[in-house]
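Which chain is which? The protein sequence lines are A and B, in order. Heads up: the first sequence begins at 66 in this note's numbering, then just goes up one per residue. Heads up: the second sequence begins at 709 in this note's numbering, then just goes up one per residue.
These aren't lab readings, by the way, just hints derived from the structure by calculation. Note that the structure is a prediction, hence the values are computed from the model and not measured. Take these hints with a grain of salt, some might be off.
Stated by the list, open to error - In silico DSS-like pairs for lysine-lysine, Cα to Cα no more than 25 Å straight-line: (1) A:Lys436 to B:Lys926; (2) B:Lys926 to A:Lys498; (3) B:Lys779 to A:Lys213; (4) B:Lys779 to B:Lys748; (5) A:Lys423 to A:Lys404.
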Amino acid sequence: MRPFHTDKNKFDKNKDANGDTMSDVTDATTAKNAPTPDDALRISDSKASGPVLAADGTPLKKSLKRALRAQKLRALALIAPLLIFILITFIAPIGDMLFRSVENQIVSSTLQNTVVELEDWDPAGADIPGEPTFEALYWDLFLAAEAKEHTKLGTRLNYEETGVSSLFRGVGRGIDDFGEDQVEALEDFDPVWEDEMFWYTLMSGGDGAEQNSRHLSAARERLTTLTTDDFIGSAGFVPGAEISELLPRTISEYSTFALFTVFADEDVVAEEEPWEAVKVSLIQELTSGVDLAGYSGPGAAELRAAQDMLADQPAIDFKQAFLDDDEDWADPGLWETIKLYSPPFTTGYFLKAVDLQKTVGGVEAVPDGEKIYGTLFKRTLFMSMVIMGSCILLGYPIAWILANLPVRTANLLLILVLLPFWTSLLVRTSAWKVMLQQQGVINDILVWLGMIADDSRLVMINNQFGTIVAMTHILLPFMILPMYSVMQTIPQTYLRAAKSLGATNWTAFWRVYFPQSIPGIGAGSILVFILSIGYYITPEIVGGTTGTFISNRIAYHISSSLNWGLAAALGSILLAAVLILYWAYDKIVGIDNVKLG
Amino acid sequence: MKLTKTLMATTALTVTAGAVLAQDMADSMTLVSWGGAYQKSQVNAYADPYKEMHPGLEVVWDESSNEAVAKLRAMDEAGNVTWDVVDVVASDALRLCDEGLAMEIDPNEILAAAPDGTSAEDDFGDLLVGDCFIPQIVYSTTFGYRTDMVPDGVEPPSDICSVFDLETYPGKRALEKRPINNMEWALLCDGVAKGDVYDVLETPEGQQQALDKLGTIKDSVIWWSAGADTPQLLADGEVFMGSTYNGRLFSVIEEQDQPVAMMWDAQVFDLDGWIIPANLPEDRLARALDFIMFATDTQRLADQAKWISYGPARKSSAPLVGQHAELGIDMAPHMPTDPNNSQNTFLYNYEFWADYRDDIDAKFQSWLAQ
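Just chain A, same shape as in the assembly:
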C-alpha cells in the first residue's frame, strides 16, 4: 500500500506547487511593468549573461522587488489591525509576564545605597557587614518606609530567606527612632531644630543665595527609582550652593524629603518639619568634623553651637540600632540573600523552578524535602502523554464510525460528541466526582453486583487515575473532531480496492486506511497534549495529591503566594517544553502532516 501513500504526497506537492505558481502569477500581473512568469525562467537561465532589464531600463530584479514590496505592504496593512490587536492583547502581556522570571530590580531600587556598600563585602567571610553598610541601610530603609516600599521588598526577599518579611515590617515601625537620643539632644539644646521654617532657610541658603540643584536632581532620581512615580515639576525648594558644598548628605536627605513632601504628600516644604533622617544626617555630618569656619549663610551660629554640643554626644551606632530592633539583622544568611539578589536581573527564579537554589558557594540542589518542581514537570508530561494516548484509543473508533455513517446519522452523533463540549468544565469534572468516589455510582454498582466487598471499595478519584479519566473525557472532542474531518476525506473506494486486490480486513485498514488518517491523529494529539499540559482546574478538583500538574503550582504562585517571578519561570519552562516537543514532532512526523480537515 506504500504506493498509495507516496502518491498522495506527490499529489499534495503538486497541488502546493501549483498554488505557489498561481500566486506568483497574480503577483506579477497586478504589478506595474510586470514581468511574465516566463521572464523569471529566462532570468535563471541567462544569469551568466548580465542583468536582464525591464521595459523602463532598470534591472528586472530591482523592478520586481519594488513591485512585490508594494504588494507586501498592502498585505501587511490588511492584517495590521489583527496583528496589532494580537500584539497588544496577547504577545505583550505574555512577554511582560515572562520577563518577570528574570526581573529583580526591587532590591537595587529599594536599597540603593546598601547595594553599593555590599559590593565590597565578601559573603564567604565570617562577619556580617560593618557600620557603613548599616548606615546605608538606614538611609535606604527610612525612605522606603516613608514611601511604604519596604514591605514589598520584605515580601520579595521572604521568598528566598524566611523571616525577612516580618523583619522589614518591624523595622519600618521602629526606624523613626534610630538615633533618637542624639536627635532629642539636638532639639533640647536648641528648639530651632524643630522649626520647619528655620530648616527651609538653612537648606535653601536664604533669599537670593546662589543655588545648586545637583542634589535635588539626584534625589529626584532616587525617588523615581524607588517608587516608579514621577517627581517632575517644581518642588518649591532648591538647595543653596554654599550649604550643599558643606553638608552634602544633609542636603541630599532634605531634598528627598522636600520632593516627597510636595509630590507624594502634596504639602508645602517650608511648612513641614523635616524627617528624622534629615536630622540624623546633619548630626552625622557635624560630628564627622565638617569645618564650619568659613560658613556665613543663614543658621551659621546655630550650626556651630550644635557642632560643639554634639562633640560631647556619643556617635550614632546604626548597627546597634538595627540589632536592638531585631537580632535577626545579625544573621549572615540575610546579608547573603540581599547580596545575591542585588543585581537587577536574577537567575534565581529559574533555578528554583528546577529545584536548584543560589547560594554564596554557587548553585546547589535544594534539600530533598523541598524538591517538587522536577517531579511535577515529569508528572505533567507523563500524564499528558497518557491522556493523549487514551484520547487516541477512545476517539479513533468514534471518529471512524462518524465518518462512515450516512451524513444525517453522523450529524446526530456528532452532536452527542459536542454536547459535553458545551457543558461547563466544572460540571463535567464534578460529575466525575460523583461517578468515581468511594460512595459513588461505579463503586455502588460494583458492590451491588458483588464484584467487590463493601469495605474494599475502589479508590478511583483524588489520584492520577481520576485525573486521567476526567481529562480524557473533557479533551476527547478535541481528538475526535480533527480525526473525523480527516477521515471524511478518505474515499471508501480505497478500502474496497485494497480488498479486491486480496487484502484482509486488517491489512486493508492498517496499510491503506490508517496511514491516511495519521494527519488527523497528529492534529488531535497536538491539540490534546498542549491543552492538557496547561490544565489546572480538573487536576485541582479530582487530582488529589498525586494527580496534580505543574500548572496547579503556577496558579498557586500567581494567585496565592504572589511569587509571580517563580510562576513566570515555571510558565516559561512549560512554554519551552511545548515548543521543543512541537519541534520534535515536526522533525519526526512532519508538521505538514497535521490536518484539521
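Fit chain B to the given chain A structure using the hints.
Showing chain B alone in chain A's frame:
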C-alpha cells in the same frame, strides 16, 4: 514626627469627611466578596439596608475574594482599580497592606463607635490586624464528623487528637491542602504544648515532626482546596471527619439536616473583613468610607449573624446576636466565639505565617507529592 503625621492624617480625613457632605459620592460601588451563603448574608445585612438609605445607588458584586490579592495587584499594575470595597481574610489583608495595595486606616476615624461610646479601636480590640484591615466576622476552621459512622460503643470524638487516632475512629479524614492549621494540630497531638507550637514550628526539626505526625494518617486523608469540599464529602459519607469553616458545617447540620456534628476542640479562629484599595478617586473613596462606616457598626454586624453562623467582630455586637432569619433557631450556640465552643482555641498567627508560609508550603507540597 509620628504625632505630626497622625494629626495630619486626621486633619486630612476630617477635611475629606467634610468634603463628602458637600460633594457627591460616587453613585455606583463595586463590592467584592466570596459568593454563596456568605455573600448573601452581606447582601441582606449590609448592602440592601444601605441601598434603601441611598436610592439610586448601584451596587455591583464581584465574587473574586478568593483571588483578590492577585487581581488587585494586577489591577494596580494596570493602573485601573475597579473595586471599591474588598472582602478578604486577615492574612490577605496583611499581604495587600504590605504590597501597598490597601489603604491604611485609622479605625477611630472611619469606623463608628459602639452605642455605649466605646471607641471603635477598643470595640474591635485585638482583631484589628495590621494597618489596613477592617474586621467583620470571626470564623473558625474546625472539624465536623459523621455521627452515624462513630463505631459502636465508642464516645463521639471530642478531642482534636481523635483526627490522628485511626484505631478508635477508623475512616477517612478531609484536611485542607495547605500547611496552615494542619501543622499546628499535628504538633498539638504530638505532645507539643499549645504555647510552644509556633516556637517548634519555626525550626526545621519541628516542621519535620509535624509532617511525620501527619504522615501517620496520610493514606487516609482526602485533601481539600475549596471550603465546600468537606461538607460534600461528609454528606456523601466519603469521610468520617473533616476540617472546614464552621459556617459550612452549620449549613450541613442545620439547613441540610445531615447526620453530622461539630467538634470544636482546637478550632482555629480566623478573621474576615474589608479593605479599601489604595489610591481610589475621591468620590469613590467617599462612597466606600460611607458604606464601611454603615456596614461595620454594632447593629449591622449583629444582623449578619442572622444569616450565617460567623461571630461579629465587635464585642458590642455579641449581645445583639439573635435568631436565624429563616430557621428561627438561636444563633449564639453556633457561634465559634460561644463560651461552650471556645474552650480550647487557636488564633491564626498572622505574623508567623506571613514569614513561614512560602518555606513551609514548599516542604508541605513536596511531602504531599511523595
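With a cut-off of 25 Å on the C-alpha distance, tell me whether lysine 779 (chain B) and lysine 213 (chain A) pass.
Distance ~20 Å between lysine 779 (chain B) and lysine 213 (chain A) Cα, so the pair holds.
Taking 25 Å as the top limit, are the C-alpha atoms of lysine 926 (chain B) and lysine 498 (chain A) close enough?
Holds, at roughly 21 Å.
Hint check: lysine 779 (chain B) vs lysine 748 (chain B), CA-CA at most 25 Å. Holds or violated?
holds, 22 Å
Holds or violated: lysine 436 (chain A) to lysine 926 (chain B), with C-alpha atoms at most 25 Å apart:
Judged against 25 Å, a Cα distance of about 19 Å means the pair holds.
Are the Cα atoms of lysine 423 (chain A) and lysine 404 (chain A) separated by 25 Å or less?
The hint holds at about 11 Å.
Comparing the model with each numbered hint stated earlier shows that all of them hold.
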